[in-house]
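Let the sequences and hints guide you as you build the complete structure.
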Amino acid sequence: MDSKTFKVAGMHCKSCEMLVNEELSEIGNIKETKSDHKAGTVTIKYDKEPDMAKVKKAVEDLGYKVNQ
4 MDSKTFKVAG MHCKSCEMLV NEELSEIGNI KETKSDHKAG TVTIKYDKEP DMAKVKKAVE
64 DLGYKVNQ
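Residue numbers for the sequence shown, in my numbering: 4 to 71.
Keep in mind the hints are simulated off the structure, nothing from the lab. Remember, predicted model here, so these are calculated numbers, not experimental data. Where a beta carbon is used, it is the ideal one built from N, C-alpha and C, also for glycine. Among the hints, a few may not be true.
Think about it this way: if two alpha-carbon atoms lie no more than 25 angstroms apart in a straight line, the pair counts; the simulated BS3-like pairs of lysine-lysine are [said to hold, decoys possible]:
#1 Lys34 / Lys48
#2 Lys37 / Lys7
#3 Lys7 / Lys41
#4 Lys34 / Lys51
#5 Lys48 / Lys68
#6 Lys57 / Lys34
So the derived label-pair ranges between C-beta atoms look like this [what the hints assert, rightly or not]:
#7 Asp64 / Cys16: 12 to 20 angstroms
#8 His15 / Lys51: 17 to 25 angstroms
#9 His15 / Asp50: 13 to 21 angstroms
#10 Asp50 / Cys16: 24 to 32 angstroms
#11 Ser18 / Lys51: 28 to 36 angstroms
Right, dumping it as structure tokens:
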């Protein structure tokens, strides 16, 4: 399984992490997600790389900023 980690600004608590994880789990090909509000990172694990534009849009639609 491959993974990709990217910086996400604006997450402040565990609830933010849960929102991001739930939203990303809806995107095809993503098998696991791990958000860390303290580090400001989100890691996705996948067998086939998901559409990263969809990943970015999903996170930004929640009000966070993706910094790749």
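Do the hints match the structure? See the list:
1. Straight-line distance between C-alpha atoms of Lys34 and Lys48 comes to about 6 angstroms, which keeps the hinted pair within the 25 angstroms bound.
2. Straight-line distance between C-alpha atoms of Lys37 and Lys7 comes to about 11 angstroms, which keeps the hinted pair within the 25 angstroms bound.
3. Note on Lys7 and Lys41: the hinted pairing holds, with a Cα-Cα distance of about 18 angstroms set against a maximum of 25 angstroms.
4. Taking the CA atoms of Lys34 and Lys51, the gap is about 9 angstroms. The hint holds against a cut of 25 angstroms.
5. Taking the CA atoms of Lys48 and Lys68, the gap is about 20 angstroms. The hint holds against a cut of 25 angstroms.
6. With a C-alpha separation of about 15 angstroms, the suggested pair Lys57 and Lys34 falls inside the 25 angstroms cut-off, and the hint holds.
7. Against the hinted window of 12 to 20 angstroms, the Cβ-Cβ separation of Asp64 and Cys16 comes to about 19 angstroms, which satisfies the hint.
8. Between His15 and Lys51 the beta carbons are some 32 angstroms apart, a value that contradicts the proposed interval 17 to 25 angstroms.
9. The hint said 13 to 21 angstroms for the Cβ distance between His15 and Asp50, and at roughly 32 angstroms that hint is violated.
10. Separated by about 31 angstroms at the C-beta atoms, Asp50 and Cys16 satisfy the suggested range of 24 to 32 angstroms.
11. For Ser18 and Lys51, the Cβ-Cβ distance of about 30 angstroms falls inside the hinted range of 28 to 36 angstroms, so the restraint holds.
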